[in-house]
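Work the whole structure out from these sequences, hints included.
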Amino acid sequence: MRNHRLHFAQTSAMIRSMTALLVHGVPDTTSLWAPMSALLQDFEIELAALPGFGCDLPSDFGGSKDDYVQWLIERIETIGAPVDLVAHDWGALLAQRVAQLRPDLLRSLAFGSGP
220 MRNHRLHFAQ TSAMIRSMTA LLVHGVPDTT SLWAPMSALL QDFEIELAAL
270 PGFGCDLPSD FGGSKDDYVQ WLIERIETIG APVDLVAHDW GALLAQRVAQ
320 LRPDLLRSLA FGSGP
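Straight run, no breaks: the sequence shown in our numbering ends on number 334.
Do not take every clue at face value.
What the hints assert, rightly or not - Taking CB as the label site, the calculated pair distances span:
| id | residue 1 | residue 2 | range |
| --- | --- | --- | --- |
| 1 | LEU259 | ASP279 | 16 to 26 Å |
| 2 | TRP290 | SER250 | 16 to 26 Å |
| 3 | LYS284 | ASP261 | 28 to 38 Å |
| 4 | ALA329 | THR248 | 11 to 21 Å |
| 5 | GLY281 | ASP261 | 36 to 46 Å |
| 6 | GLN319 | THR297 | 16 to 26 Å |
| 7 | PRO334 | GLY281 | 17 to 27 Å |
| 8 | ASP285 | LEU328 | 17 to 27 Å |
| 9 | LYS284 | LEU325 | 14 to 24 Å |
| 10 | THR248 | GLU296 | 14 to 24 Å |
| 11 | SER278 | LEU258 | 31 to 41 Å |
It should be emphasised that the hints constitute simulated quantities derived from the structure, not laboratory data.
Note that the structure is a prediction, hence the values are computed from the model and not measured.
Where a beta carbon is used, it is the ideal one built from N, C-alpha and C, also for glycine.
Printed below as a string of structure tokens:
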């Protein structure tokens with residue numbers, strides 16, 4: 220694989236005002252994003268640790284796909300602005316459903332190794 224450089228026509232202030240939310244798959248954790256996080260150090264990124272996979276599972280959490288989608292929607296809402304949602308594996312399935320239900324929460328959507 221060749222090294223690639225990313226080029227953007229945005230100012231540093233613009234980049235920092237936009238948040239990318241990275242969602243891992245199952246049974247992964249946020250450590251999946253460590254290599255990418257290092258490359259994106261100049262950007263505002265947040266890593267979403269899915270309940271039960273990197274963060275505690277709330278006692279009232281049902282664990283269904285819909286429960287995870289609702290959790291992700293609520294997580295994005297706390298950011299307070301549309302996000303660039305980046306997802307992997309089962310996280311991609313959740314991200315696609317969020318895009319269907321709440322497109323207003325997303326600035327962009329990217330996913331890999333998912334349906």
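| query | Has the hinted range 31 to 41 Å been met by the Cβ atoms of SER278 and LEU258? | reply | About 37 Å separates the Cβ atoms of SER278 and LEU258, which means 31 to 41 Å holds.
| Taking the CB of LYS284 and the CB of ASP261, does the distance hold inside 28 to 38 Å? | Distance hint for LYS284, ASP261 holds at roughly 34 Å.
| Can the suggested window of 14 to 24 Å be confirmed for the beta-carbon pair THR248 and GLU296? | 23 Å, holds
| task | Determine whether the Cβ-Cβ distance between ALA329 and THR248 falls within the hinted range of 11 to 21 Å. | result | The hinted range 11 to 21 Å holds for ALA329 and THR248, with Cβ atoms some 20 Å apart.
| request: Could you see if the CB distance from GLN319 to THR297 stays within 16 to 26 Å? | output: With Cβ atoms ~20 Å apart, the hint holds.
| query | Honestly, do ASP285 and LEU328 meet the 17 to 27 Å range at C-beta? | reply | 19 Å, holds
| Does the Cβ distance between PRO334 and GLY281 fall inside 17 to 27 Å? | 21 Å, holds
| query | Using the C-beta atoms of TRP290 and SER250, is the stated range 16 to 26 Å upheld? | reply | 20 Å, holds
| query | For the pair LEU259 and ASP279, does the Cβ-Cβ distance stay inside 16 to 26 Å? | reply | Since the Cβ atoms of LEU259 and ASP279 sit about 34 Å apart, the hinted range of 16 to 26 Å is violated.
| request: Determine whether the Cβ-Cβ distance between LYS284 and LEU325 falls within the hinted range of 14 to 24 Å. | output: 18 Å, holds
| field | Range hint 36 to 46 Å (beta carbons of GLY281 and ASP261) holds or violated | value | 38 Å Cβ-Cβ, so the 36 to 46 Å window holds.
Hint 1 alone, counting from the list given before, is not met by this structure.
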